[in-house]
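**Q** With the hints as constraints, model all of the structure from the sequences given.
Which chain is which? The protein sequence lines are A and B, in order. Each residue of the first sequence is one higher than the one before, counting from 1 in our numbering. Each residue of the second sequence is one higher than the one before, counting from 1 in our numbering.
Since the hints were derived computationally from the structure, they do not count as laboratory data. Do not rely on the hints blindly, as some may be mistaken.
[Said to hold, decoys possible] Far from chain B, some chain A residues (derived; all Cβ distances over 10 Å):
#: 1; residue: Q6
#: 2; residue: P8
#: 3; residue: S9
#: 4; residue: K58
#: 5; residue: K68
#: 6; residue: T69
#: 7; residue: T99
#: 8; residue: G104
[As the list claims (entries may be wrong)] Below are the DSS-like pairs computed for lysine-lysine, each with C-alpha atoms no more than 27 Å apart in a straight line:
#: 9; chain 1: B; residue 1: K1; chain 2: B; residue 2: K99
#: 10; chain 1: B; residue 1: K57; chain 2: A; residue 2: K98
#: 11; chain 1: B; residue 1: K1; chain 2: A; residue 2: K68
The C-beta atom is built at its ideal place from N, Cα and C for all residues, glycine as well.
Okay, here's what each chain looks like letter by letter:
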Amino acid sequence: GENVEQHPSTLSVQEGDSAVIKCTYSDSASNYFPWYKQELGKRPQLIIDIRSNVGEKKDQRIAVTLNKTAKHFSLHITETQPEDSAVYFCAANTGGFKTIFGAGTRLFVKA
Amino acid sequence: KAGVTQTPRYLIKTRGQQVTLSCSPISGHRSVSWYQQTPGQGLQFLFEYFSETQRNKGNFPGRFSGRQFSNSRSEMNVSTLELGDSALYLCASSFDLEKLFFGSGTQLSVL
Numbered sequence: 001g002e003n004v005e006q007h008p009s010t011l012s013v014q015e016g017d018s019a020v021i022k023c024t025y026s027d028s029a030s031n032y033f034p035w036y037k038q039e040l041g042k043r044p045q046l047i048i049d050i051r052s053n054v055g056e057k058k059d060q061r062i063a064v065t066l067n068k069t070a071k072h073f074s075l076h077i078t079e080t081q082p083e084d085s086a087v088y089f090c091a092a093n094t095g096g097f098k099t100i101f102g103a104g105t106r107l108f109v110k111a
Numbered sequence: 001k002a003g004v005t006q007t008p009r010y011l012i013k014t015r016g017q018q019v020t021l022s023c024s025p026i027s028g029h030r031s032v033s034w035y036q037q038t039p040g041q042g043l044q045f046l047f048e049y050f051s052e053t054q055r056n057k058g059n060f061p062g063r064f065s066g067r068q069f070s071n072s073r074s075e076m077n078v079s080t081l082e083l084g085d086s087a088l089y090l091c092a093s094s095f096d097l098e099k100l101f102f103g104s105g106t107q108l109s110v111l
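**A** Written out as structure tokens, the structure is:
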């Protein structure tokens, strides 16, 4: 069945450094790849997304890249700040009525 | 516009009981998805409803069921509760079947 693997499960960086989270999906029909951020005790919220016809998308300090051939996509956060500390989830959608999530990455940004 | 509303916020049940959770989507959103969130397991897809029809289902036992009403509100039912059903249950509504807007969740504890 469809599966999304996410690495690492925990990531600790110093404030100002960059953070990279990587995901791999199994269903080649997947065409939409969102990223969600979940702060402690809060609901997941969409922070950025990318479609299969685009290789890279940037929004201020965050960017996503997609390699369709390898079925890999990544989240890049530059100049990390303490408020970036949260759990980040990657996900894949095949255009149907199902979004599959990775297991999540807990990001700690140390001041 | 009001966000996704889930009730109740907390529930404590004992093994063998059944439980019903409610989700009111954002006005105009006809798709409602349900997810189970447990530590280390990420967001596990339960099922998705669109226009009162279940369009997709995850790999959960038949004890987990749901329905959607004509006003797009959705309910999820778990029968014969087990200890392992303790989790945060999140619902998400969508307008475009891609971007998900999550509720705050129902924290279910099974004793």
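**Q** Would you check the hint for K57 (chain B) and K98 (chain A), treating anything up to 27 Å between C-alpha atoms as holding?
**A** holds, 8 Å
**Q** Non-interface claim for T99 (chain A): all C-beta distances to chain B beyond 10 Å?
**A** Nearest chain B Cβ is 6 Å from T99 (chain A), so the label is violated.
**Q** Is the Cβ of P8 (chain A) more than 10 Å away from each Cβ in chain B?
**A** holds, 13 Å
**Q** Per the stated criterion, does the least C-beta distance between T69 (chain A) and chain B lie above 10 Å, as a non-interface residue requires?
**A** At about 22 Å from chain B, T69 (chain A) clears the 10 Å cut-off, so the statement holds.
**Q** Given the hinted pair K1 (chain B) and K68 (chain A), is their alpha-carbon gap at most 27 Å?
**A** violated, 36 Å
**Q** Far enough from chain B: is every CB of that chain over 10 Å from the CB of K58 (chain A)?
**A** It holds; K58 (chain A) is separated from chain B by about 18 Å at its closest Cβ, greater than 10 Å.
**Q** Beyond 10 Å from every chain B Cβ: check whether that's true for G104 (chain A).
**A** The claim is violated: G104 (chain A) sits with its nearest Cβ about 5 Å from chain B, within 10 Å.
**Q** Taking the shortest Cβ-to-Cβ distance between S9 (chain A) and chain B, state whether it exceeds 10 Å.
**A** Violated, since 8 Å does not exceed 10 Å.
**Q** Classify the label on K68 (chain A) as holds or violated, using whether its beta-carbon is more than 10 Å from each beta-carbon of chain B.
**A** The claim stands: K68 (chain A) keeps its Cβ more than 10 Å from every Cβ of chain B (closest is about 17 Å).
**Q** Against chain B, does Q6 (chain A) hold up as non-interface, every C-beta pair farther apart than 10 Å?
**A** violated, 8 Å
**Q** Are the Cα atoms of K1 (chain B) and K99 (chain B) separated by 27 Å or less?
**A** Measuring from Cα to Cα gives roughly 16 Å; hence the hint holds.
Consistency with the previously given hints fails for numbers 1, 3, 7, 8, 11, ordered from lowest to highest.
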